[in-house]
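Construct all of the structure, not just a fragment, from the sequences and the given hints.
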Amino acid sequence: MSKVVIRTKGLTKRYNGVVAVDKLNLTIHRGEIFGLLGPNGSGKTTTILMLLGLTEPTAGEVRVLNLDPARQPLSVKARVGYLPDQIGFYDELTARENLSYTAKLNGLSRKEADERIEAALTRVGLHEVADRPVGTFSRGMKQRLGVADVLIKRPEIIIMDEPTQGLDPEGAHAFLQNILELKEEGITILLASHLLHQVQAVCDRVGLFNRGRMAVSGTVAELAKKILDSGYRIYLEVEGPADKMIPALKAVSGVSKVQRAGKNRYELVARSDLRAEAAAAAVKAGGKLYGLSVEVPSLDDIYTHYFEEVEHGRAS
Amino acid sequence: MAAQAKQDAIPRAREGSPWTGLWAVVLKEMADHLTSTRMRILEILILLTAVGAVYAAMLNIRSTIGRDPFLFLKLFTTSREPLPAFVGFLVFLVPLIAIALGFDAINGEFSRRTMSRLLAQPIYRDALLMGKFLAGFFTLALVFTAIWLLIIGMGIIGLGLPPGGEEVARLLIFLVATIFYGGFWLALAMLFSVRFRQAATAALASLATWLFFTVFWSMLVGLIAQTLRPVRIGLPQEIIAQTELQIALSRLSPNTLYTEILLALLNPALRSMGLVLPIQWEGAILGSPLPLSQSVLLIWPQLTGLIAVTILLFALAYVLFQRQEIRA
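These protein sequence lines are chains A and B, in that order.
Per the numbering used here, residue 158 is the first one in the first sequence, and the count goes up by one each step.
Per the numbering used here, residue 3 is the first one in the second sequence, and the count goes up by one each step.
Think of the hints as simulated: they come from the structure by calculation, not from any bench.
By construction, the Cβ of each residue, glycine as well, lies at the ideal position given by its N, Cα and C atoms.
Short, incomplete list of chain B residues facing chain A, as computed with Cβ under 8 Å:
id, residue
1, Glu17
2, Ala26
3, Lys30
4, Arg114
5, Arg115
6, Thr116
7, Arg119
8, Leu121
9, Ala122
10, Pro124
11, Ile125
12, Glu327
13, Ile328
14, Arg329
Following this line, the structure appears as C-alpha cells:
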C-alpha cells in the first residue's frame, strides 16, 4: 500500500460568500502524478494555495506530508515545491542570481546552494545562459528556470499550476518529459491543467474538477468506464452473415452495443479491451476475420462528455 | 494509529519564527535599491543639492569664523540667494527618496508575478514585508549618512576647523531624525503599495499625500483656525487661541514635526516652538544658546511623534498585507 502524502477532508473555501472549493476530498499517494482537471475558475488554484498554506481554508482539513499547512507552513513549504502559472522572475537579475535568492530563502549554506543551483541549471539545460538576465529569456526558458527554482529545495512533492500553458508543442513535450523524469526520482507531482491530452500522457490518476467540487477521480480508464459508461470502441472487419454476427458479438460479456459500421464492418462498445473475445466470437459464428482495432477513450471525450452531462443536468 | 497520533500533535500556534529568511530579503532588496537606476538618479540629485547648498553656505559663513560657536550647524542652515539652505532641500527631498524606495515594494512583486513563487518558499509574509521595510530604511540611512559625512568633511576642509563635541551630538540627532522622517514616508509608500495593485497608483497616492502636507496643509490650517477660533474684537485671548489651534493643527503634518526638530537642533538659540509671551522671557538672555539636553527636551514630543506615526503606518501595512489574498 502506497503512502498518502496529500489528504484533504471536506476542504472548503469561500470568498465573500462565493464558494470556490466545496467539500473537497482528495488523496494523493507518494510517487504518483495526479492531474487536477477542470475549466478555468473551477477552484484548482485555490485548492493549491490551501495545500501550501498560502490561503486559509474556511472549513475542512488538509494534511500535506502529515503536516497542517495552515499551522506548519514553513515545514510544508520547505518540502513542497510550487510552480505557479505564469511564473515570474526578477528580470534584471541573472538566472543564477534568481535561484540564489530562492536558495537563501530556503536557508541553504552558500556551498550547498552553489552545488544545487549548478545541478538544477544543468538539469533543465540552462547552464549556458545562467549568467544572462532573465529578462532576455523566452517563455519556455522561464518555465524551465521555474523547474530549476523548484528543484533547489529538493522537494518531495511538486505542485504545478498550468505548467504547459503558453508553451509551443515542442516545448510542452519536452516539459512533460521532464515531469516523467521527476517522477522516476520518486517525487510526487500534482498537476493542475485544462490541457487534457498533455495531462493524459503523463498522469497516473486524474480528478475532474467542476465548480469547486471533485466530480470524479481515478485512472483515465476508470473515468472512461464511469462517465462514458463503456469506454472502448472495438472495430471488427468480418466477412460473414450479419444476422448471425451481431447476436454473436452481443453475447460477449462486457459488450454493451454492437453496430454495423459499413459492409463487413462492426463497431462494438465495450467496458474494456475485449478484442480477443470479440475476435473469438466472430470466428466461432463462422465469420472470416480481416481486421481488428480498438480505440482507447481519450480524456478529451471523457471531459467533454462529463461537462455536457453536467450542463444538461443543470438545464433540466 | 501512528499517523493519527502525529496529526493530534499539530500545534495550535504557527510554527517557527516569523523572521525566518528576513535577512535574505533585506540583503536582496538592499542590493536592488543600491544598484537601481531610480536610486542613482536620486543620489545624484541629493549630492548636487548638498554640494551646492553647502558651498553657498560656506561662502557666507567664512566672514564670521571664530565668532560663532556653532559654525558647523550653520553649514546646514545658512542660505544664500537664490539657493535655500540644505535643510530646506531636505524637507522635500527626503520624502521623495523614501517614496521612490517604497511605492512598488509589494505590488511590484505581484505585477512581476514573483509573489506566489516567493511565498511558496519557507518564509512568512512577515519576513517579506519587514525585510522590504528594513531594506528601504537601511538604504535611507546609508545614503543620508554618506551625505552627512560628506558635508562635515567639506566643512572641515572649507572652514579649516574641526566640529566641536556638542555640534557633533546635535548633528547626530539631526541625522537620526532625518532617517526617521524618511522612515515615515517609506512606511506610507509601502502602505499604499500593499493597498493598491498598480504601482503607478501607489506612487501617485504617496506623492499626493506629500504634496498635501508640503503645500496645502499650511493653507488649510490657517483657514480652519480662522473659522473655528475667529478673532472678533481683537482680544489677546482670541489671538492666542487662534494661533495655538493653528500650531496644534500644523503639527499633524510630519513636515512640521521635522522642521521643528531641525530648528531646535540646528539653532541652539531657539527656546520654544509655540507662542512665547513676554512674561516667559523674564530672566532669559536673548540669543544665548540652550544646552543640548534642553534642545532635545524641546523636540522630544516631535521626535517620538514622528517615530510613533512611522510604526503605526507600518503596522497598518502589515495588517493589510497579512489579510491579502495571494492569488493575483
